[in-house]
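Could you put together the complete structure from these sequences and hints?
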Amino acid sequence: MRREKKIEQLRRVQKVDAPPYLLTRVRAKIRSEAIAEHLPHSWWWAGAAAFVLLLLLNATVFFAPRQTPAADLVEQYGLHQTQQVYADEN
Amino acid sequence: MPRFEDIFEQHQNSVFNLCLHYLQNAEDAEEAAQDIFVKIHARLSTFAGKSSLKTWVYRITVNHCLDILRARKRQKRLAFLTGLFGLPLETALDIPHFDHPGVLLEDREALESLFRMINTLPENQRTAIILRYLDDLPPPEVAEVMGVSLKAVEALLQRGKQKLEEKLSTSEGN
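For the record, the sequence lines run as chains X and U. Number 90 marks the last residue of the first sequence (my numbering); no jumps. Number 174 marks the last residue of the second sequence (my numbering); no jumps.
No lab work stands behind these hints, which were simulated from the structure alone. There could be a bad hint or two in this list.
[Unchecked claim] Selected chain U positions facing chain X (Cβ under 8 Å, derived; list incomplete):
id : residue
1  : Ala33
2  : Lys39
3  : His41
4  : Ala110
5  : Leu111
We treat Cβ as the ideally placed atom computed from N, Cα and C, and that holds for glycine.
In C-alpha cells form, the structure reads like this:
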C-alpha cells in the first residue's frame, strides 16, 4: 500500500511551460537544415571533380614506371655497394 | 493541412514536458523538443489524419526520446570498451544529471530515485507509465499513442507497476 502510494507520487510532478524562444530556435534549425539540403548542384559537381582528380593523381604516382632504377644510379655514379670504405690490401 | 505554427502553439508544452519525463534534464529536453518540431515540420505533408494530431505529435515525441535513450545506451557500451583501453570514462560518457523543473524541491529525492527506477524498465512499460502517470493520459489515449490495444496497455501498466514495487521493496530493504 505504501509502495503504491510512492508510485502515485509521480502525479506530483508538475507541468512546466516550454522555454521561451523555443519557436525561434526551431525556426533557425529548420532554416539551417533547408540550406544544407539545397546546396547548389555546382557544389556537388565541384566536389566530385576534385575527388576524381585526387584519385587520378594518386593512381599516376602509384603506377608510373620508375625512370631510374637504383642499380642504374649506382653504376652511373660509381657508388660502392658495400659498407667497406678502405680497399683490401691483400 | 494544419499550420505548423498552430501545432507548435498547441503542443509545445506537452512535447517539452514529455521530453522532460523521458530525459529528466531541462537542457536535453529543450534540445529534443527543438528536433521534434523540426521533424514535425518536415513530416507535416505526410500527416494523413488517420489518427488525431495530438496522437501523431505524441508518437513522434515518444519515438524521438526513445531514440535518444537508445543512443545513450550505445554510448554507455562504448564507454565500457574505451574504459578497457585505459581511457577515462568521463570523456566517453557524458551522463546528464537529474534536472526536472517540474519536480518540487521537497519531492526531489524521492522522485529522483523513482525516475531512476523507471529508467530501468523495458521501453514499452516505461512509455505506458510515463504517459499514464506523468502525462495523465487516459488509458485509451495511451493505447492509441503506443499503437497497441487497451488490454495491452493495462497489462503493461500492471507489469510496470509490479516491477517498480519490487525495485522499491529492494531499495527499502537495503
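Going through the hints against the structure:
{"no.": "1", "hint": "Ala33", "in the structure": "holds, 6 Å"}
{"no.": "2", "hint": "Lys39", "in the structure": "violated, 10 Å"}
{"no.": "3", "hint": "His41", "in the structure": "holds, 5 Å"}
{"no.": "4", "hint": "Ala110", "in the structure": "holds, 6 Å"}
{"no.": "5", "hint": "Leu111", "in the structure": "holds, 6 Å"}
Going down the numbered hints, you'll see the structure goes against just number 2.
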